[in-house]
Amino acid sequence: MTWLQQVIDRGQQIDDWLSPLRLQAIETLQQAAWPTRRTESWKYTSLAALEQQQLRLAQPATPPAEPPQTAIPGLNSLDLLFVNGVLQTDISQLPLAAGLQLHTLRSASAIQRVITTSMYAQVKPQRHLFGLVNDVLANEVLFIDIAHDSHIEQPIRIISRVSEGQESHHRVLVRVGDRATVTIIEQTQSEHASFSTGFTEIELGEQAKLEHYRLVMHTRQAIYFGGCHICLHDKAELNSTMLGYGSELSRTDIDIMHNGQHARAKLNAIYLLGESEHFDLHSTIEHAKPHGSTEENVRGIVGDKANAVFNGRIHIHRGAQKTQAALQNRNLLLSRRGQINTKPELEIYADDVQCAHGATVAEIAEEALYYLRTRGICRSKALIMLNFGFIQELINQMPNPLLAQWLEPQLRARFKEMEVR
Amino acid sequence: MLTIKNLHASVEQKNILNGLNLSIKQGEVHAIMGPNGAGKSTLGYVLSGRDGYQVTDGEVDFQGNNLLELDVEQRARHGLFLAFQYPVEIPGVSNMELMKESVNAVRQHRAETPLTAAEFLKKAKAACQQVQLPLEFLKRGINEGFSGGEKKRNEIMQMILLEPSLCILDESDSGLDVDALQIVANGVNSQRDGKRSFIVITHYQRLLDFIEPDFVHILANGKIVKTGDAALAKQIEKEGYAFLGLDNSAEASA
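Those protein sequence lines, which keep their order, are chains A and B.
For the first sequence, counting from 1, position 72 maps to 72 in the UniProt record's numbering; every step adds exactly one.
For the second sequence, counting from 1, position 143 maps to 143 in the UniProt record's numbering; every step adds exactly one.
Don't read these hints as lab results, they were simulated from the structure.
Some hints here could point you the wrong way.
In silico DSS-like links for lysine-lysine, alpha-carbon gap of 25 Å or less [as the list claims (entries may be wrong)]: (1) K25/B to K5/B; (2) K5/B to K223/B; (3) K123/B to K151/B; (4) K416/A to K100/B; (5) K151/B to K381/A; (6) K151/B to K139/B; (7) K25/B to K226/B; (8) K223/B to K234/B; (9) K122/B to K100/B; (10) K139/B to K416/A; (11) K43/A to K343/A; (12) K14/B to K25/B; (13) K381/A to K305/A; (14) K25/B to K381/A; (15) K305/A to K266/A; (16) K381/A to K100/B; (17) K381/A to K123/B; (18) K305/A to K343/A.
Work the whole structure out from these sequences, hints included.
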C-alpha cells in the first residue's frame with residue numbers, strides 16, 4: 001500500500017463533524033500524484049525518508065512524555081501546548097481577554113462548528129499535498145477568534161511538541177476581526193524521529209494588524225510538513241517572522257494572499273542549518289488587489305552537509321495596479337559540502353507596479369574577516385560575529401524585543417555548533 | 001620597537017616589496033611616502049599579516065617577537081594597529097560589539113581584567129569625542145553607510161580605544177577635506193605620548209603639516225630609496241618624485 005493510500009484509509013475511518021471536509025480532501029488526494037524529483041515544487045526535496053516510515057497515530061490518552069515548555073522570560077504569553085497533536089491546555093480554564101475566543105474540534109458549539117467549517121481549508125490552497133494530508137488527519141483544530149476592534153495585548157503562543165516515534169497533526173485557524181490587533185507566536189519542535197504536520201490558516205480583517213512568528217525548530221530525525229496561509233483584506237497589516245532549523249526532512253509552505261486593497265505584508269525568514277539537515281521553504285505571495293505592498297527578506301546560513309531549498313514566488317494579478325513588492329533571498333554557505341537551491345520568481349500581469357527580486361549565495365567574506373582579526377579578534381570568534389551579524393539584522397527587526405532576546409542566544413548557540421569548512 | 005630587515009613580499013606571484021629595511025624606535029613617527037604602486041599599502045598589509053601577502057624573504061622583529069610568525073589577531077594583541085585606507089563595511093555587527101570584543105581581547109592578552117560595560121562606555125565616549133564622531137555611530141553597523149571621512153575617523157577612534165604601541169596609518173588623509181584632516185590629525189596627535197610609535201603612510205605632504213614626522217622615507221619599487229626629515233616631504237610636494245628619478249604617474253595601486 002502506498003503511503004498516501006494509508007492516509008486515505010485512515011481518514012475514511014475518522015468520524016467527526018469535520019468528516020465531510022476530510023472526505024473532500026481525500027477526493028483531491030486520490031487524484032494527486034506522489035511528488036518525485038521531477039515534480040517542480042519538490043525538485044530538491046526527497047520524500048524517501050517519509051516513504052520508509054510507517055504511520056502511527058498518536059494516542060490521545062498518552063500522557064505527555066515531554067518536559068513542560070519553559071516560558072519566554074518576561075513575555076507573559078497565553079500559552080497553548082500541543083503534545084503529539086493533542087491539546088494539553090484546558091482552554092475552558094484560561095482567563096481570556098475581552099474579544100478573544102478559543103474553541104477546538106472537541107469543544108466547538110454548533111455555531112462555532114459552522115464558523116470552523118466555513119474557514120477550514122479555505123485560505124490554504126489545495127495544491128499543498130501535505131496540507132491535504134493535514135485536512136484528513138488533523139486530530140485537533142484550534143480556532144482563535146478575535147472580535148472586531150479588539151486589541152489583544154497578551155501574545156498568544158501555540159507550542160507543538162512531538163515525542164519520539166510519534167505522529168502529530170494539528171490545525172490552527174485564526175480569524176482577526178476588522179481593526180483588531182493581535183500577536184501570535186507559533187512554535188513547533190521535536191528532537192526525535194517523529195512525523196508531524198501543522199497548518200495554520202489566518203484571515204486578517206479590514207485594517208486588522210497581526211504580528212506573527214512561526215518558529216520551526218524541528219531537528220535531527222524529525223520529519224515535518226507545515227504551512228501558514230494568510231489572507232489579507234483591505235488595509236490589513238501583517239508583520240511575520242519565520243525561523244527554520246533543519247532536520248531529516250522539513251518543508252514549510254507560506255502563502256500570503258492580498259485579497260484587499262492597500263494591504264501590507266512584511267515577511268522575514270531565517271534558516272540556520274548544520275550537519276546533514278534539510279530545510280525547504282516555499283513562499284507564494286499573491287497580489288489580487290491594487291495598492292498592496294510586500295517586503296520579503298529571507299536569509300539563511302548553511303554549514304556542513306546541510307541542504308537549503310528556497311522558492312519565493314510573487315504573483316501580481318491583472319488589475320493589482322500600484323503594487324510594491326520586493327523579495328530578497330541571501331545565503332551564506334559555510335562549507336563546500338553544503339547546498340543551497342534558491343529560486344525567486346516573479347509573475348506580473350499588471351503594468352503599473354514596482355517589483356524587485358534577487359537571490360545570492362555568498363561564501364565567507366574574507367575581507368571583513370581580516371578586518372576583525374586586525375582588531376585582535378580570533379578567527380572563530382570573528383566568523384561568529386560576521387555570520388551571525390548577517391541574520392542579526394533580521395532578529396533586530398522582530399517587533400517583540402523579549403522574543404528576540406529569548407531567541408538570539410539560542411541561535412547563537414546553534415550557530416557555534418555549525419561546522420565551518 | 002620595530003625592525004624590518006630585507007623584507008621581500010609578493011602578491012599573486014608578483015614581487016611588491018624588494019628588500020625593505022626600516023627601524024622604528026619607541027615614540028618615533030615615521031612617514032612613508034611614494035608614488036602609486038610603490039608598495040606602501042602592501043607594507044601595511046604584510047605587517048598586519050593579511051592572507052595572500054606572501055613574505056618571501058627577510059625578517060621583522062616587533063618588540064622582541066618574530067612578527068611574521070604571529071597570526072593576524074596575535075599581532076593586534078601585541079599592540080600593532082592598522083588604520084585602513086578603505087575600511088570595510090560590515091552591516092549587522094555593531095561598532096560597539098566589535099570594540100568591546102576587541103578591547104577585551106587585547107586586555108586579556110595583557111593579563112588585564114575585562115572592562116565592565118560602564119568602564120567600556122566611558123572610554124568609548126571619550127574616544128568618539130576626540131574624533132568628533134557622534135555616539136550613535138557606536139550602535140551602527142561597522143562603517144555601515146559612513147561617509148569617507150567618518151570611516152577614517154572611526155579608524156582613529158578604534159585606535160584610541162585599543163591603545164596600541166605601533167600604529168600604522170594607511171593614507172588616513174585620502175579623501176578628506178582640511179577640517180576632517182585636522183580632526184584625524186588631532187586624534188593621532190592626542191596619542192603621541194613619547195612611547196607610542198607611528199608609521200604614517202601618505203601620498204601627499206599635506207597630512208604631515210598636521211602630524212609632524214621624525215623621519216620621512218621614500219618608498220619606491222618595494223624599497224626605501226631615500227630617508228630624510230620633514231623637509232624631504234616638502235621637497236617632494238614641490239618637485240614631485242621626479243628628482244629621485246622616479247615616475248610620478250606610475251599607475252596601479254598597492
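Item to complete: Hint by hint, work out which the structure violates, then give me just those numbers in ascending order.
Response: 12, 14, 15
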